[in-house]
Amino acid sequence: MALNSQQRTEFEENGYLVVRNFNSRERVDEARSRFGKLFRGEFETGLQPDEWNWRFGSSDTSLTRQICNGWKSDRAIARLVLDEQVGRICAELMGWPGSRINQDNVIWKPPGARQVGFHQDDSYQEWVDPPSMVTCWMALDETRKEGGTIEYVRRSNHWPLQTRKFTFHAPDDYHEALKYTAEQLGIDDYSIDAIEVNAGDVVFHHGKTWHGSGYNHSGQPRHTVVSHCMSSDSRFHAENVGPVYGRYRKYGSTEMDESFFPVIFRKDGYRSACLKSYTEQ
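83 is the number that numbering that gives the first Met the number 0 gives to position 84 of the sequence shown; each next residue is one higher, with no gaps.
Worth flagging that the hints you see were computed from the coordinates, not collected in a lab.
Heads up, a few of these hints could be off.
Stated by the list, open to error - Using 30 Å as the maximum straight-line C-alpha spacing, the simulated DSS-like pairs for lysine-lysine come out as follows:
(1) 275 / 249
(2) 275 / 178
(3) 144 / 164
(4) 275 / 36
(5) 164 / 266
(6) 207 / 266
(7) 144 / 178
(8) 164 / 207
(9) 207 / 178
(10) 249 / 207
(11) 144 / 36
(12) 249 / 266
(13) 164 / 178
Can you build the whole structure from these sequences, using the hints too?
Pasting the structure below:
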């Protein structure tokens, strides 16, 4: 697909863009079928994900379940996250020469699951140079407001970056960070949009766009795969250390190894050589 000028303007103005029928039903169903295995620790590739925030038998059942970099553990997740079209649109929206994967999220929000605090993705990117990203949020189910779908603060991509960290998982008030920031900026009138889409639809959002999600009051689970992309030219920050992803930095170098941060799209047609064989297995 190709973005039109209206879509690009919508993203620039509002900080997010909904794209319908982006992923095929086959890919959606395949990825959703892997969630149970992933959170039980049954990894197709034999590798644990970089972050595994919820586990069967030991974690609080009221929490939203999350895995980071599930693409390294399961190829069905990888086929969504590392898709060339995702990288192309991310690069186009941000004016980058290309895109590489920063990380992914595999998110499972069962009925009754608690909130995820409002935040800006870029506030967690101090370890990257430049410290910015754009995200493709992929719905694997029909999502509705009462089901704890993602919510965006319209035009908040134009706000300054908030560096103070607030509670991310299951805060008492998932608007706390948003309220604090708006008050500090003297903004008392902002609009929150709850995204209601179908399986296969996606939303691209800017790294500065404020977003979060409420309780799942519905009787249905919400399964989502999220691809966070950065510029293909990104490097490790020369001084700031990433406590998780800094483990992939080579000593004495800021270069990002494509085995761990593959280039999924570049305007000259380049994609990391490992992607084809890995995703087609």
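Decide if the proposed pair is consistent with the structure: residue 275 and residue 36, CA atoms, cutoff 30 Å inclusive.
Distance ~24 Å between residue 275 and residue 36 Cα, so the pair holds.
Is it true that the CA of residue 249 sits at most 30 Å from the CA of residue 207?
29 Å, holds
30 Å Cα cutoff - pair residue 275, residue 178:
The hint is violated at about 44 Å.
Does the structure keep residue 144 and residue 36 at a Cα separation of 30 Å or less?
27 Å, holds
Taking 30 Å as the top limit, are the C-alpha atoms of residue 249 and residue 266 close enough?
26 Å, holds
Between the alpha carbons of residue 144 and residue 164, is the straight-line distance 30 Å or under?
Between residue 144 and residue 164 the Cα gap is close to 26 Å, so the pair holds against 30 Å.
Does residue 164 pair with residue 207 here, judged by a C-alpha cut-off of 30 Å?
14 Å, holds
With the threshold set at 30 Å, check whether the alpha-carbon distance from residue 207 to residue 178 stays at or below it.
Between residue 207 and residue 178 the Cα gap is close to 16 Å, so the pair holds against 30 Å.
Checking one constraint from the list: CA of residue 207 to CA of residue 266, max 30 Å. Satisfied?
Within the cut-off at roughly 24 Å; holds.
Given the hinted pair residue 164 and residue 178, is their alpha-carbon gap at most 30 Å?
13 Å, holds
Does residue 249 sit within 30 Å of residue 275, going by the straight-line distance between their CA atoms?
24 Å, holds
When you check the alpha-carbon spacing of residue 144 and residue 178, does it fall within 30 Å?
Distance ~20 Å between residue 144 and residue 178 Cα, so the pair holds.
Of the numbered hints listed earlier, those contradicted by the structure are 2, 5.
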